[in-house]
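**Q** Chains as they are written, first to last, in our numbering: chain A, 1 to 261; chain B, 1 to 274.
I should point out that these hints are in silico values taken from the structure, not numbers from a laboratory.
A hint or two may mislead.
Listed next, the in silico BS3-like pairs over lysine-lysine satisfying Cα-Cα at most 25 Å (straight line) [unchecked claim]:
#	chain 1	residue 1	chain 2	residue 2
1	A	K227	A	K55
2	B	K170	A	K148
3	A	K55	A	K35
4	A	K55	B	K170
5	B	K170	A	K125
6	A	K55	A	K14
7	B	K3	A	K148
8	A	K4	B	K170
9	B	K3	A	K147
Please read all numbers here as calculations on a predicted model, not as lab measurements.
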Amino acid sequence: MIMKAEDIRISFRKERQLFRRERQEILHGVSLNLKQGECLGLVGESGSGKSTLAKVLCGLNRPDSGSVEIGGLSLYGGDRQERQSLRHEIGIVFQEYTSSVNPYFHIETVIEESLRACGKTKKRKSEWDDLIDSLLTRVGLPLSYRKKYPHELSGGELQRVCIARTLALEPRIIVFDEAVSSLDGATQVIVMDLLNEIQKDLGLSYIFITHDLTTITYMCDRVTFLKDGLVVEELENLDELKDLKNPYARKLIESVLCLDA
Amino acid sequence: MIKQFFQSRLSIACLVIILLFTLAGIFAPYIAPNDPYETDLMNKFSSYTREHPLGTDQLGRCVLSRLIHGIRPTLFLSLLAMAGTITLGLVMGILAGYFRGWVDEVIMRVVDVMLSFPSQIMILAVVALLGIDIRNVILANIFVKWAWYARMIRTTVIQYTGKNFVLFSKSIGSGSPYILTRHLLPCIASELVVLATLDTGWTILNISTLSFLGLGVQAPTPEWGAMLNEAKNVVTSNPGQMVAPGVAIVILIAAFNMLGDCMRDAMDPREVRN
Numbered sequence: 001m002i003m004k005a006e007d008i009r010i011s012f013r014k015e016r017q018l019f020r021r022e023r024q025e026i027l028h029g030v031s032l033n034l035k036q037g038e039c040l041g042l043v044g045e046s047g048s049g050k051s052t053l054a055k056v057l058c059g060l061n062r063p064d065s066g067s068v069e070i071g072g073l074s075l076y077g078g079d080r081q082e083r084q085s086l087r088h089e090i091g092i093v094f095q096e097y098t099s100s101v102n103p104y105f106h107i108e109t110v111i112e113e114s115l116r117a118c119g120k121t122k123k124r125k126s127e128w129d130d131l132i133d134s135l136l137t138r139v140g141l142p143l144s145y146r147k148k149y150p151h152e153l154s155g156g157e158l159q160r161v162c163i164a165r166t167l168a169l170e171p172r173i174i175v176f177d178e179a180v181s182s183l184d185g186a187t188q189v190i191v192m193d194l195l196n197e198i199q200k201d202l203g204l205s206y207i208f209i210t211h212d213l214t215t216i217t218y219m220c221d222r223v224t225f226l227k228d229g230l231v232v233e234e235l236e237n238l239d240e241l242k243d244l245k246n247p248y249a250r251k252l253i254e255s256v257l258c259l260d261a
Numbered sequence: 001m002i003k004q005f006f007q008s009r010l011s012i013a014c015l016v017i018i019l020l021f022t023l024a025g026i027f028a029p030y031i032a033p034n035d036p037y038e039t040d041l042m043n044k045f046s047s048y049t050r051e052h053p054l055g056t057d058q059l060g061r062c063v064l065s066r067l068i069h070g071i072r073p074t075l076f077l078s079l080l081a082m083a084g085t086i087t088l089g090l091v092m093g094i095l096a097g098y099f100r101g102w103v104d105e106v107i108m109r110v111v112d113v114m115l116s117f118p119s120q121i122m123i124l125a126v127v128a129l130l131g132i133d134i135r136n137v138i139l140a141n142i143f144v145k146w147a148w149y150a151r152m153i154r155t156t157v158i159q160y161t162g163k164n165f166v167l168f169s170k171s172i173g174s175g176s177p178y179i180l181t182r183h184l185l186p187c188i189a190s191e192l193v194v195l196a197t198l199d200t201g202w203t204i205l206n207i208s209t210l211s212f213l214g215l216g217v218q219a220p221t222p223e224w225g226a227m228l229n230e231a232k233n234v235v236t237s238n239p240g241q242m243v244a245p246g247v248a249i250v251i252l253i254a255a256f257n258m259l260g261d262c263m264r265d266a267m268d269p270r271e272v273r274n
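Turn these sequences into a full structure, and let the hints steer you where they fit.
**A** Dropping the structure here:
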């Protein structure tokens, strides 16, 4: 078990009213397990708390209660040193690739930031250059892109840059928050093939968040259904997709099958 | 960015104008044909001659020499005021926008208070309180203007801290100094530069206004606003006296305003160029 999230609850303050401060709970005790080298799908409609969960898992939102453990170390407990060391174990790729990259950075600076963050500062500049080159090659981008600005790249290319900078961390887990949803069909398949290949080569574990079930069948080994901040169904095997117990999960599947037919 | 900036003819023209003014100000004693303080009452209100290219004023002082010497207080004082305003506004705005919470509350309430005063009257009040002195005019300018910057910068910072690239930066553990200087500052800079260059014009005008009202630079120091003030007494008999300082103010302020626009265009990498 590489990652274990237990009973995560998180709430946000509602719009402030006079004399009252109400909080709205987004996640009501979500638990997840991620095994080494697998891809876990996280499905749910918008507003079900998928993205919030992703941020909790990456250490961006501290949960009100519950714990996230990566390789036995706690992401939110523990001392500063421990938390800092875990930050490179898990990377995130967002859906919105346009806002994922600083518009004022060259592509190489984008990747450099990850290298800098995970403590590769001591290496010489030439070693960094080699690393950036190899990462760009890894995600299938030409080296001439190093000096380009994000707005000069297409959506698919930019998402590859995001993948490259996440790989630069040398993480064990990558969270994809709707990472392919805003790409067009053909590009989706290309990016997903790339992700599958990287996963196989580097032995990474993925958490793949999506609302699109076709992506799930393409990528994932296991699926967890999320609704209104609760896990409503967990599938250990994709073959079980046909006999779901939870009515909400069944409805989701049926809507896709309906479209396929 | 710099290359794009220099591709525009307008921006080069503005830059050249400002640079010429600056150089003229720095080397004023070498360029000015006459001593700006030398009075010659027999020769007052003389028209444009070889000796006095822009004529002489009511005390017979060379207008051109006074104009050139007047660049120093006008331009340098306003740049000083701008630097102070930006520094204070930037620090306050970033603190409020990035750290939020009670820091934000405290700073923004102070800003609200500052913004609820009419700026000109506030400056007059500050100068009246601290005494008539050019240093107090600069302090008053900073005091009145920083709140505008703090509010603008705070909004931009909040807007950008929610962006995914800042979230990613936080998630991989880049520290606040890195995020503030590498991510947020360049994003703010383009808006800040535009506002700052536009406002330099405003500050020049403001210092000139105060000198015109007799609260800023004191006679006999040559300053454009003060020169206008002296000229207004003879506006019916010698209207030509107002032309030189008036035109100088217009040119310099227009140059700053247009430079601001050009800089914004150049600093935005997404700007579509034709």
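**Q** It remains to establish, for every hint, whether it holds in the given structure.
**A** Hint check results:
Distance check on the hinted pair: K227(A) and K55(A) sit about 17 Å apart at the alpha-carbon level, within 25 Å; holds. Among the hinted pairs, K170(B) with K148(A) is consistent with the structure: their alpha-carbon atoms are about 24 Å apart, no more than 25 Å. At roughly 19 Å between alpha-carbon atoms, K55(A) and K35(A) fall within 25 Å of each other, so this suggested pair holds. Restraint check for K55(A) and K170(B): the C-alpha separation of about 11 Å stays at or below 25 Å, so the hint holds.
Restraint check: the Cα-Cα separation between K170(B) and K125(A) comes to about 24 Å, which is no more than 25 Å; the hinted pair holds. The hinted pair formed by K55(A) and K14(A) meets the criterion: a straight-line CA distance of about 19 Å does not exceed 25 Å. Of the supplied pair hints, the one linking K3(B) and K148(A) holds, its CA atoms being roughly 15 Å apart against a limit of 25 Å. Annotation: proposed proximity of K4(A) to K170(B) holds, straight-line Cα distance about 22 Å (limit 25 Å).
Distance hint between K3(B) and K147(A) is fulfilled; the C-alpha atoms sit about 15 Å from each other, no more than 25 Å.
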